[in-house]
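Q: Each protein sequence line maps, in turn, to chains A and B.
Each number in our numbering corresponds to the 1-based position in the first sequence with 2 added.
Each number in our numbering corresponds to the 1-based position in the second sequence with 2 added.
Since the hints were derived computationally from the structure, they do not count as laboratory data.
Heads up, some of the hints might be wrong.
Derived PhoX-like pairs: lysine-lysine, alpha-carbon spacing no greater than 25 Å straight-line [what the hints assert, rightly or not]: (1) B:438 to B:557; (2) A:298 to B:369; (3) A:480 to A:437; (4) B:557 to B:171; (5) B:440 to A:370; (6) B:557 to B:581; (7) B:438 to B:369; (8) A:360 to B:552; (9) B:371 to B:557; (10) B:440 to B:598; (11) A:437 to B:598; (12) A:437 to A:370.
Chain A residues, not near chain B, derived (Cβ > 12 Å throughout) [stated by the list, open to error]: (13) 37; (14) 45; (15) 61; (16) 71; (17) 137; (18) 168; (19) 228; (20) 230; (21) 288; (22) 469.
Every residue gets a Cβ at the ideal spot worked out from N, C-alpha and C, and that includes glycine.
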Amino acid sequence: MTAIEIPALNFAALLPLFIVVGTGLLVVVLDLFIADKKSLGWLSLFGVILAAIVGNMQQGGAGFDPAFQNVSLLDGYANFFNIIFLSTAALSILVALGYLGRVGLHRGEYYALLLFATSGMMAMGMATDLMVVFIGLETMSIALYVMSALNRHSRPSGEAGIKYFLMGSFASAFLLYGMALTYGATGSTNFSDIGSVLTAGTVAPMAMLGLGLLLVGFAFKVAAVPFQWWTPDVYHGAPTAVTTFMSVGAKAAGFATLMRLLMVSFPAFAVDWQLAIAVLAVLTMTLGNVAALAQKDVKRMLAYSSIAHAGYILVGVAAATTEGIKSVLFYLLIYAFMNIGAFAVVGVLEQKEAIGTKLTEYAGLARKNPWLAMVMALFLFSLTGFPPLAGFWGKLYIFRAAVNADLTWLAVVAVINSGVAAFYYLSVIVQMYMKPAADDAPEILPSTPATRIALAVAGLAVVLIGILPASLVDMVAKGVFG
Amino acid sequence: MTNFIWLAIAFPLVGVVVNGIFGRKLGRAANGWIAVGTVAAAFVVGVLSFLQVPSLPEHAQIVPLWRWITIGDFEVYLSLLVDPLSMLMTLVVTGVGLLIHIYAIGYMDHDKDVARFFTYLNLFIASMLILVLSDNFLGLYVGWELVGACSYLLIGFWFYKDSAADAGKKAFIVNRVGDFGFALGVFLIWTTFGTLQYTNVFEAAGDKPVAVITAITALLFVGAIGKSAQLPLYVWLPDAMEGPTPVSALIHAATMVTAGVYMIARSNVLYALAPQTSTIVAVVGGVTALFAATIALVQFDLKRVMAYSTISQLGYMVMAVGVGAYASGIFHLVTHAFFKALLFMAAGSVMHAAHDVIDMRRLGGLKAKMPITYWTFVVGGLALAGFPLTAGFFSKDEILAKTFEANIWLYAIGVFTALLTAFYTFRAIFMTFHGKPKDAEVYEHIHENKPVMTVPLVILAGLSIFGGLLGLPGGLGLPNWLDGWLEPVFELKNMFVPAEAVHTGVGTEVGLMALSSTLVILGIVAAWWVYLRKPQIAEKTAQSFAAGYKLLANKYYVDEIYDALFVNPARGLGVFFAKVVDMGVIDMVLVDGTAKSVGYFGRVMSRWQTGYIRNYVVSIFVGAIVIGAYFFLR
Chain A
3 MTAIEIPALN FAALLPLFIV VGTGLLVVVL DLFIADKKSL GWLSLFGVIL
53 AAIVGNMQQG GAGFDPAFQN VSLLDGYANF FNIIFLSTAA LSILVALGYL
103 GRVGLHRGEY YALLLFATSG MMAMGMATDL MVVFIGLETM SIALYVMSAL
153 NRHSRPSGEA GIKYFLMGSF ASAFLLYGMA LTYGATGSTN FSDIGSVLTA
203 GTVAPMAMLG LGLLLVGFAF KVAAVPFQWW TPDVYHGAPT AVTTFMSVGA
253 KAAGFATLMR LLMVSFPAFA VDWQLAIAVL AVLTMTLGNV AALAQKDVKR
303 MLAYSSIAHA GYILVGVAAA TTEGIKSVLF YLLIYAFMNI GAFAVVGVLE
353 QKEAIGTKLT EYAGLARKNP WLAMVMALFL FSLTGFPPLA GFWGKLYIFR
403 AAVNADLTWL AVVAVINSGV AAFYYLSVIV QMYMKPAADD APEILPSTPA
453 TRIALAVAGL AVVLIGILPA SLVDMVAKGV FG
Chain B
3 MTNFIWLAIA FPLVGVVVNG IFGRKLGRAA NGWIAVGTVA AAFVVGVLSF
53 LQVPSLPEHA QIVPLWRWIT IGDFEVYLSL LVDPLSMLMT LVVTGVGLLI
103 HIYAIGYMDH DKDVARFFTY LNLFIASMLI LVLSDNFLGL YVGWELVGAC
153 SYLLIGFWFY KDSAADAGKK AFIVNRVGDF GFALGVFLIW TTFGTLQYTN
203 VFEAAGDKPV AVITAITALL FVGAIGKSAQ LPLYVWLPDA MEGPTPVSAL
253 IHAATMVTAG VYMIARSNVL YALAPQTSTI VAVVGGVTAL FAATIALVQF
303 DLKRVMAYST ISQLGYMVMA VGVGAYASGI FHLVTHAFFK ALLFMAAGSV
353 MHAAHDVIDM RRLGGLKAKM PITYWTFVVG GLALAGFPLT AGFFSKDEIL
403 AKTFEANIWL YAIGVFTALL TAFYTFRAIF MTFHGKPKDA EVYEHIHENK
453 PVMTVPLVIL AGLSIFGGLL GLPGGLGLPN WLDGWLEPVF ELKNMFVPAE
503 AVHTGVGTEV GLMALSSTLV ILGIVAAWWV YLRKPQIAEK TAQSFAAGYK
553 LLANKYYVDE IYDALFVNPA RGLGVFFAKV VDMGVIDMVL VDGTAKSVGY
603 FGRVMSRWQT GYIRNYVVSI FVGAIVIGAY FFLR
């Protein structure tokens, strides 16, 4: 009589994920009974913070073992990404609490969708199997498609949603095809099993093609050139609170999976994919920055700027070293704070019918609202990479990783790009501080306490990480897998 | 308490934040007392830590705060050093600083921008404490630059006056010259030792080639020349008097300008191992002392007399550390902080009462109207002149005695400068306080100032008299407390470079004292004779030595020479670069050209951004084919 073996599932590893999903379900249910949608926002925030605390307490404990028969792993790497996703979610909730009310979009499902998207991102960060990657990716993406179209009565928002959906589906097809080819070539969907089959010297054109198509799928998600076209339209059309969330979260999730996949499953072909990623990085940075220069609208300019930042992060990925992984983790967390901060300011200034996002409408902000202008300047300087703000260290470590990986030429291209980028970031600061406001400039509506908390947290993070980068460097060191 | 020494820096920073952000709302009275309160708190922290130094193992403790920067092998820890030298400096900075802050409440009572003033002043205290408390050269450099920035902000405090704005710029630019050398020195330490931590550097210094140590010390000294206003970079200090008087007292007399002396005393191991640099240091110090004293003889602006006297006294200190008498240099630094802060604040008291008249030719006879200011000024003047048994007497004689052992010529310069010092100091006292009032209108409105200004003067006067007890002449068998206190700081140096056991006998020591005392009294009497008894002598002398007088009155034309040699050529070059290179080549070709071409591509990109999904999909498709083909064909 053989005992029925119950596989050890290790639910503990997924506890933070469950908390986020559970909160999301709770929000859906409560949405039916509660008229005050703000309380749903605070509930979501509570869930997100709880998940972050639980995840950190689990570090080094039971959660560390592979879960669900080795498809998912809450290691230091996944935990660090969870911190990025959950910080992004928390700040986005705070931003949304103020923004949605002002533009008349306060609906309960927003928070539920945001939490579901976050759970998808977390699943991607923890995934060690292609199937889980796909489930996480779709959970995230579908929620984001709906969120983009949240403002049904606005044409750009509806257009953003449908565009994102169509193009995303197209890209997912490439990704799935890549997974299928990889499975066909190696007989496994598990990251490390794939890695053990594809050892150095293996000739496997099918697996290589699979890798290429996987790369296309992820390049779409992180908005790398030439798969970036959807980004400006979607980021610009979607409600600003949604843009805030997806410009960081979706990108980070894409990088989370891409790096683990490349480093665990395809280290044998590092030389091949390094070059491909480096070329993508150059195209992405350069085109992102050049296009951003021509923009007259701050929200759209930040959309292009986020493309350029994906390019910088690809530089760290191209390094293909532990140092490169660390630099990407470091950069993504900093990017979360400074980018969310910048979009949050855009959200504060934006009013119905997309008034208030044009560059010229920022003129004289320093006089009208010195605090808002100051934090915006902080975020923009940090995005530029101006010392001693956080963005400076982020760039420094990425470029350093590239140089140490013998990709000095790539680092040089990235540095030149940072210089070009300074132009459009500073042009906003010039408007805010050196130009008088137009007479017919729209009135600035007062920001809500929630938004102020988000701005204060993001601003403090940008300054404190800038002054004391060492503690974050230590934290990042724990976030390297293997 | 030593573990909490960082509080001494944190308290003034709290003042900076509070006054900096909410200053206007809090009101003038609150601004001043918040600033005073934070410095007082820092002073208390300093005193408590000071008292614990003797019980520390090896009299020193490194207080780690946090790791600051990690870039590969380059790791910088923020940590503070509590040792006899740093704590002594902390007490001087916070103690004298506290009195000056209190005084400033009275002095600035008519100014409309008190909040900004106290914000900067608190920032300065915090920066200076970073400078003296840091346990590594990077922290020293950070503090060095921060105090420079504060100095710039405060000299140009009344920036709407052209002279003040120019003086601020001059101070900043001249200091940049020195700081450049200093930075190179720090870089060289890093490449030579692989660390910037004092203890690690000093312990390894004995194994390094002398040439490298000489280069390091020389570069660091370039920084000291700028910051401590030595020849040839002293020119910024007299102009710095454009700032409010408490600033002159605190930054440009008592504390910041002594940073160079502190730095050399701190790096005593390096300087002891580089005798050539030390010789240069001593000569620069001695020559500066004499040079500045001669200019002070003929100035009519009371604050400028004090400014040149500060340069001259800094020269003494630099000469002392140059001949290896580090403790003596620090001793003079401390007593000088007392009496020079006193003299500046007393001069400011006159200025405040006389509604900003500071030209001694318009003052005179103030003695009766401002008794407290007068008597405290006299005490400060006696200490500056080195009148027997005042604080300045002991510290200056210690320097002169040590210099006498080292080099007779430098001693001669030093002792002659002492004569000049006595003369110009009492010339200033007689012209300002004695004689007949020269300007009735000014005299009419003069009145003694409020206690908030005079009490600090009285306290400093007490310190100027009794401060000498810190370091009684050991040569006469008297206890020299300061020497013993600072001993641990110089232990390592004594191991590398054993001090020569040449000690002057009691007879020589007494002889030297007698000589300088005689010269001091001679100088005072001469000033009395020339400026009170026979005022016409001064004019006659000026006429009969017209050329020499003119040379001195115009400060040896150094500013004019610098204008001709550096400023004008630099300006010409600047104009060339601005008009031709920048506007012509860079702006038109590079910047506009780049902007135009980049802007063009940007517009092309935007045009491709059609908004049509079909176009985007084509791009994805093509991209996928290229990537797929690339991988497939590898």
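Q: For residue 557 of chain B and residue 171 of chain B, compute the direct alpha-carbon distance and say whether it is at most 25 Å.
A: Measuring from Cα to Cα gives roughly 20 Å; hence the hint holds.
Q: Is the Cβ of residue 469 of chain A farther than 12 Å from every Cβ of chain B?
A: violated (8 Å)
Q: Would you check the hint for residue 360 of chain A and residue 552 of chain B, treating anything up to 25 Å between C-alpha atoms as holding?
A: violated (65 Å)
Q: Take a quick look at residue 230 of chain A and tell me if its Cβ sits farther than 12 Å from every Cβ on chain B, holds or violated.
A: violated (9 Å)
Q: Beyond 12 Å from chain B, beta-carbon-wise, is residue 37 of chain A?
A: Since the minimum Cβ distance to chain B is about 38 Å, residue 37 of chain A lies beyond 12 Å and the statement holds.
Q: Going straight from one Cα to the other, do residue 298 of chain A and residue 369 of chain B come out at no more than 25 Å?
A: violated (70 Å)
Q: With 12 Å as the threshold, tell me whether residue 228 of chain A passes as away from chain B on beta-carbon distances.
A: violated (4 Å)
Q: Decide, holds or violated, for the assertion that all CB atoms of chain B are farther than 12 Å from the CB of residue 288 of chain A.
A: violated (9 Å)
Q: Checking the smallest CB distance to chain B, is residue 137 of chain A really beyond 12 Å?
A: holds (23 Å)
Q: Would the least Cβ to Cβ distance between residue 45 of chain A and chain B come out above 12 Å?
A: holds (34 Å)
Q: Determine whether the non-interface label on residue 71 of chain A survives the test: each CB of chain B must be over 12 Å from its CB.
A: The assertion about residue 71 of chain A holds, with a minimum of 30 Å to chain B.
Q: Take the C-alpha atoms of residue 557 of chain B and residue 581 of chain B, compute the straight-line distance between them, and say whether it is at most 25 Å.
A: Not satisfied, since the Cα-Cα distance of roughly 35 Å exceeds 25 Å.
Hint violations for this structure: numbers 1, 2, 3, 5, 6, 8, 9, 10, 18, 19, 20, 21, 22, all remaining hints satisfied.
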